[in-house]
Amino acid sequence: MTAATQPAGLVADHLRCERGGRLLFADLCFAVAPGGALLLTGPNGAGKTSLMRVLSGLLPARAGRILWQGRDTVEEPGPWRRALAWLGHDNAIKPQLSVAENLAFWSRLGASGHSVPEALEETGIGHLADLPAAMLSAGQRRRLALARLALTRGGCWLMDEPTVTLDSASLARLGTMIARHRADGGIAVIASHDALDLPGAQALDLGALDTARA
Amino acid sequence: MNAFLAIIGRDLRLATRRGGEAALTLGFFVVAITLFPFGVGPEPELLGRIAAGIIWVTALLAATVSFDRLFRADMEDGTLELLALAPLPLELAVLAKAIAHWLLTGLAVTLLAPVMGLMLNLPEAAYGPLVAGLLLGTPALSLLGGIGAALVLGARRGGALVGLLVLPLFLPVLIFGISAVEATLIGLPLAPHLLILGALLAVALPVGVFGSAAALRLALE
Amino acid sequence: MPNFLHSLASPARFQRIANAVLPWVSVLAAVLLGVGIVWGLVFSPPDYQQGDTVRVMYIHVPAAWMATFCYAVMALLSASFLIWKHQLADLAARAASPIGACFTAIALITGALWGKPTWGTWWVWDARLTSVLVLFFLYLGHMALSAAFDDRERGGRAAAILACVGAINLPIIKYSVEWWNTLHQGASVFRMDGPTIDNSMLWPLLLTVLGFNMLFVVLLLVRIKSELLARRIEVLQRARASGRG
Numbered sequence: 001m002t003a004a005t006q007p008a009g010l011v012a013d014h015l016r017c018e019r020g021g022r023l024l025f026a027d028l029c030f031a032v033a034p035g036g037a038l039l040l041t042g043p044n045g046a047g048k049t050s051l052m053r054v055l056s057g058l059l060p061a062r063a064g065r066i067l068w069q070g071r072d073t074v075e076e077p078g079p080w081r082r083a084l085a086w087l088g089h090d091n092a093i094k095p096q097l098s099v100a101e102n103l104a105f106w107s108r109l110g111a112s113g114h115s116v117p118e119a120l121e122e123t124g125i126g127h128l129a130d131l132p133a134a135m136l137s138a139g140q141r142r143r144l145a146l147a148r149l150a151l152t153r154g155g156c157w158l159m160d161e162p163t164v165t166l167d168s169a170s171l172a173r174l175g176t177m178i179a180r181h182r183a184d185g186g187i188a189v190i191a192s193h194d195a196l197d198l199p200g201a202q203a204l205d206l207g208a209l210d211t212a213r214a
Numbered sequence: 001m002n003a004f005l006a007i008i009g010r011d012l013r014l015a016t017r018r019g020g021e022a023a024l025t026l027g028f029f030v031v032a033i034t035l036f037p038f039g040v041g042p043e044p045e046l047l048g049r050i051a052a053g054i055i056w057v058t059a060l061l062a063a064t065v066s067f068d069r070l071f072r073a074d075m076e077d078g079t080l081e082l083l084a085l086a087p088l089p090l091e092l093a094v095l096a097k098a099i100a101h102w103l104l105t106g107l108a109v110t111l112l113a114p115v116m117g118l119m120l121n122l123p124e125a126a127y128g129p130l131v132a133g134l135l136l137g138t139p140a141l142s143l144l145g146g147i148g149a150a151l152v153l154g155a156r157r158g159g160a161l162v163g164l165l166v167l168p169l170f171l172p173v174l175i176f177g178i179s180a181v182e183a184t185l186i187g188l189p190l191a192p193h194l195l196i197l198g199a200l201l202a203v204a205l206p207v208g209v210f211g212s213a214a215a216l217r218l219a220l221e
Numbered sequence: 001m002p003n004f005l006h007s008l009a010s011p012a013r014f015q016r017i018a019n020a021v022l023p024w025v026s027v028l029a030a031v032l033l034g035v036g037i038v039w040g041l042v043f044s045p046p047d048y049q050q051g052d053t054v055r056v057m058y059i060h061v062p063a064a065w066m067a068t069f070c071y072a073v074m075a076l077l078s079a080s081f082l083i084w085k086h087q088l089a090d091l092a093a094r095a096a097s098p099i100g101a102c103f104t105a106i107a108l109i110t111g112a113l114w115g116k117p118t119w120g121t122w123w124v125w126d127a128r129l130t131s132v133l134v135l136f137f138l139y140l141g142h143m144a145l146s147a148a149f150d151d152r153e154r155g156g157r158a159a160a161i162l163a164c165v166g167a168i169n170l171p172i173i174k175y176s177v178e179w180w181n182t183l184h185q186g187a188s189v190f191r192m193d194g195p196t197i198d199n200s201m202l203w204p205l206l207l208t209v210l211g212f213n214m215l216f217v218v219l220l221l222v223r224i225k226s227e228l229l230a231r232r233i234e235v236l237q238r239a240r241a242s243g244r245g
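Residue numbers (my numbering), protein chains in the order written: chain A, 1 to 214; chain B, 1 to 221; chain C, 1 to 245.
Just to be clear, a hint being listed does not mean it is correct.
Example chain A residues on the side facing chain B (calculated, C-beta under 8 Å, incomplete) [what the hints assert, rightly or not]:
#1 Trp86
#2 Gly88
#3 Ile93
#4 Gly154
Please keep in mind that the hints were generated in silico from the structure rather than gathered at the bench. Computed from a predicted model, the values in this text were never measured in an experiment. Note that CB positions come from ideal geometry on N, CA and C, so glycine has one too.
All chains should be built: construct the whole structure from the sequences, respecting the hints.
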């Protein structure tokens, strides 16, 4: 692709990933424009988490490039790191700190756009702000982890199984949150078992990829 | 800078909240030192002669037992992933964690060392060089130990392996920490020894920071 | 499958080269070591001070040299593995580690055997012996770390990082130990002043040093070959387990 037509947003260019000597995917290409969303599906072991980790930069791709706003995220990690908000399997919560303290730490570490109280309100745990995080239920912990993403405005959310342990009310709130993020011009890439209501989202089924051709 | 300070502040706050985790290292330091008079006998002359050595060696061992926890908690709850993906370079995050580790262990051991010196009949002239040496040497331990702590993150056995990996690397710090004390006791100038300890710290800084960050990236893959 | 063949392409080339080189190097190592050891132990003159004790030198000095040399080779291989991600460098570095540890152990044991008649005790905290001992610990750490991971590749990269860190620290450790030794002036240090050694001793020593180097090459090639075979077996077993074999 030429410099003139480099698209904004997130582009995966012929990605290839192997784990433990097994090929997960190869020549994987997609592009997500600002305001867009990508839903990754597929059976366990199809490589959803691996793809998320490759996109984030935690796991180097065996081949291919990832572009953010037209720039290679490996050669120029700065803009990508500032735009990226990562939600992994683990919630990265310190039980000894209060809910607000947990969030304030991530806000100081670079997530910016919304204040800590705003993010807590958006995920519906504002009333728990001064409680030690150790007191939270599993669902409340996941919402606290989501609040970390709600701190950011714009940018790219990479969410690996965001719906785990969420009840139906929280699921609806998550849908609203993602819609707000996309309306702000943000991008969401979501790997999930659950059917999330994402209007206009692209879908990528990793289970249906033909890996034999590699 | 804000993010850098945030990591130091969070680690310090976690250590105080967790209640006694920092005290654990100090407790190990004190208990291990009190074993020596039982091992070699309580004669004040003998203890006084080997006091500086006892304190330094025990400080190395106390540092070693504290490394296993340095990155493990952050690895297990997913914090390390986020630190690696944050705009702050992982090398600086590692440095911040090493500084917090030193404040909680190395500095605390340094402050406690004169008290242990009293119990071991350390010669009066040795207090200054002992504390000065520990002050310069223990940050190097925190930096080099971080490499070991990061390397064993994905490994099947942690604790004892860290000791085998990092203790040989601590040898130069020990040698010059002790030689600072001994030089003072026989009337030689102290400054060269402290300068060498400073040089060792200057080497440990890049080696520790880049080595640990490389090992952490590997553990996160 | 082409992907798998691609990753095997250079190991296959290695196998070809190794198979061609191995017999020659083996014979060379055997001749050099045989001639050097017989010359050193039987025909070379005894030392005017140490008598026949000096003959330990023909094993001790090459072993001590190989101890350092192996670590240097291992560190270079590890660095190239980390930079260029070449699988063969990882294999070779991990194959070199136990060989180096063995040479180090031989240097320590022969050093102790030499020490008994020379110093009257098996072990003194002599600068050289102590440095070699620390080197032995570094080898042990490297071997323990590379074996401590379930994932082979992870263990290799962790060990490679450690080897590089160790290589940076090794000179510092060596000079610190020498400094520590001069400070304490404990044992009378036996000095092997290289240039003043008589030719009748230098030649057999040179032969055993060369012989040890060739032996290292032989052992390294054999270990890499067997490691490659072990991986092939693993791949075949995995293929059978997933029903594609």
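Here is what the structure says about each hint:
Evaluation of the Trp86/A hint against chain B yields a held restraint, the C-beta minimum of about 5 Å falling below 8 Å. Because the closest C-beta pair between Gly88/A and chain B is about 5 Å apart, less than 8 Å, the hint holds. Because the beta carbon of Ile93/A sits about 7 Å from the nearest beta carbon in chain B, less than 8 Å, this interface hint is met. With a cut of 8 Å, the hint placing Gly154/A at the interface with chain B is violated, because the nearest CB-to-CB distance is about 14 Å.
Taken one by one, the earlier hints fail for this structure only at number 4.
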